[in-house]
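Residue numbers (our numbering), protein chains in the order written: chain F, 1 to 216; chain X, 1 to 216.
Where hints are given, some of them may not hold.
[Stated by the list, open to error] Pulled a few chain F residues facing chain X out of the computed Cβ check, cut under 10 Å:
| no. | residue |
| --- | --- |
| 1 | 14 |
| 2 | 28 |
| 3 | 30 |
| 4 | 103 |
| 5 | 167 |
| 6 | 171 |
| 7 | 177 |
| 8 | 196 |
| 9 | 208 |
[Stated by the list, open to error] Distance windows between CB atoms, simulated:
| no. | chain 1 | residue 1 | chain 2 | residue 2 | range |
| --- | --- | --- | --- | --- | --- |
| 10 | X | 187 | F | 55 | 37 to 43 Å |
| 11 | X | 65 | F | 190 | 53 to 59 Å |
| 12 | X | 98 | F | 165 | 49 to 55 Å |
| 13 | F | 211 | X | 88 | 43 to 49 Å |
Because the hints were derived from the structure by calculation, they are not lab data.
Each residue gets a CB set at the ideal place from its N, CA and C atoms; glycine is no exception.
Number of protein chains: 2
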Amino acid sequence: MTRLISDISMSLDGFVAGPNPSLEQPLGAGGERLHEWVFRLRSFREPHGLPGGETGPDDDVVAESWRATGAVVMGRRMFSGGEGPWEGDPNADGWWGDDPPFRVPVFVLTHHARETVQKQGGTSFAFVTDGIEAALEQARAAAADKDVYVGGGASVIQQYLNAGLVDELQVHVVPVLLGGGVRLFDGLDEPVEVEATRVICSPTVTHLRLAIRAPR
Amino acid sequence: MTRLISDISMSLDGFVAGPNPSLEQPLGAGGERLHEWVFRLRSFREPHGLPGGETGPDDDVVAESWRATGAVVMGRRMFSGGEGPWEGDPNADGWWGDDPPFRVPVFVLTHHARETVQKQGGTSFAFVTDGIEAALEQARAAAADKDVYVGGGASVIQQYLNAGLVDELQVHVVPVLLGGGVRLFDGLDEPVEVEATRVICSPTVTHLRLAIRAPR
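So that you can see chain F by itself, here it is in the shape it has in the complex (with noise of 0.2 Å):
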């Protein structure tokens, strides 16, 4: 059974993009430091034909989570910064050229409809206008057996955690405070409870994976 898997790096106070983002910072001031840790892992630079990089226990992490991922889901947002028609968005490509890392099919959650875009490497953009159910219901068809990602941002997360939808949290939190932003567990409709099935850390970052359970 495909799982729906949120996969997100976190501040250690709780914000997943810094204030003020923006195309120049599409994170929001200080928030490119929320994924320092991975840029410099080999699975991160592969997929993004960089050479090298470092192997490890956060390494392993990451590259576990390429090889389980049959599809993702993302916001708008995460995909291009912008919002509203897409003429007018000045990044309408989305952030990652001709050969995007994800190599699976990606479906971008959007109220203005649009052609897939088919792209190198086996990454194809499906823009689905009719809600987080209905994208989801595509990514399982298209994970087969794998398991299907929401990777952000924080809007798109917490609509499906308040759907009931999300199998598994993995968190990944980065010890560095932004002091405002926007957070991770803001606009749950009731706390959701989760218990914790694995933890890695090193002083660069903490990865949880979080089991999502009824409530208590």
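Assemble the complex: chain F is given as a structure, and chain X must be docked to it using the hints.
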């Protein structure tokens, strides 16, 4: 040189107490879940006069903190849960009975003057009415060559962080979501720059030792 260490348990969504604290639930709804990890440890049970308890990495972290502590600073709320004049506080003797676990001098921040209370086992409670710097000065003198610990609540820790007086923050991140309550990292005048110098983790709790750095 005596250092000022802040030491507190926090939920994954950033809360150090749940909503609606009361005399019956001093840590608010669900707040006691932040401390379940410590209750089962030998290093917690022994100073509370309880037999047995688990040993291992979590226990080592707590035992190390007890050993390093020469004095404690805490807020009035953490001491008794009350506020206002002591005559009207039904818990004016504090939570810990005749033989509190601290076994060092404790300095309680309050607006209401009161004589020092001497307890068994080396614990005393002095009541400091002239602010956080005065309390720290007295605690430093009492701690000799050991550290001063600030146990909480959040607002006291925030006051010390804002005053630039904290050397190290030890945060025990517990993988539960409280969904509301008192946040550790609210109320900071500006973002605090931290560097993780040690991280120890299990599915139950992640212990982050964070050195406070100058803003970057």
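Here's how the hints hold up against the structure:
| no. | hint | in the structure |
| --- | --- | --- |
| 1 | 14 | holds, 4 Å |
| 2 | 28 | violated, 13 Å |
| 3 | 30 | holds, 8 Å |
| 4 | 103 | violated, 31 Å |
| 5 | 167 | violated, 16 Å |
| 6 | 171 | holds, 7 Å |
| 7 | 177 | holds, 5 Å |
| 8 | 196 | holds, 4 Å |
| 9 | 208 | holds, 6 Å |
| 10 | 187/X with 55/F: 37 to 43 Å | holds, 41 Å |
| 11 | 65/X with 190/F: 53 to 59 Å | violated, 35 Å |
| 12 | 98/X with 165/F: 49 to 55 Å | holds, 53 Å |
| 13 | 211/F with 88/X: 43 to 49 Å | holds, 46 Å |
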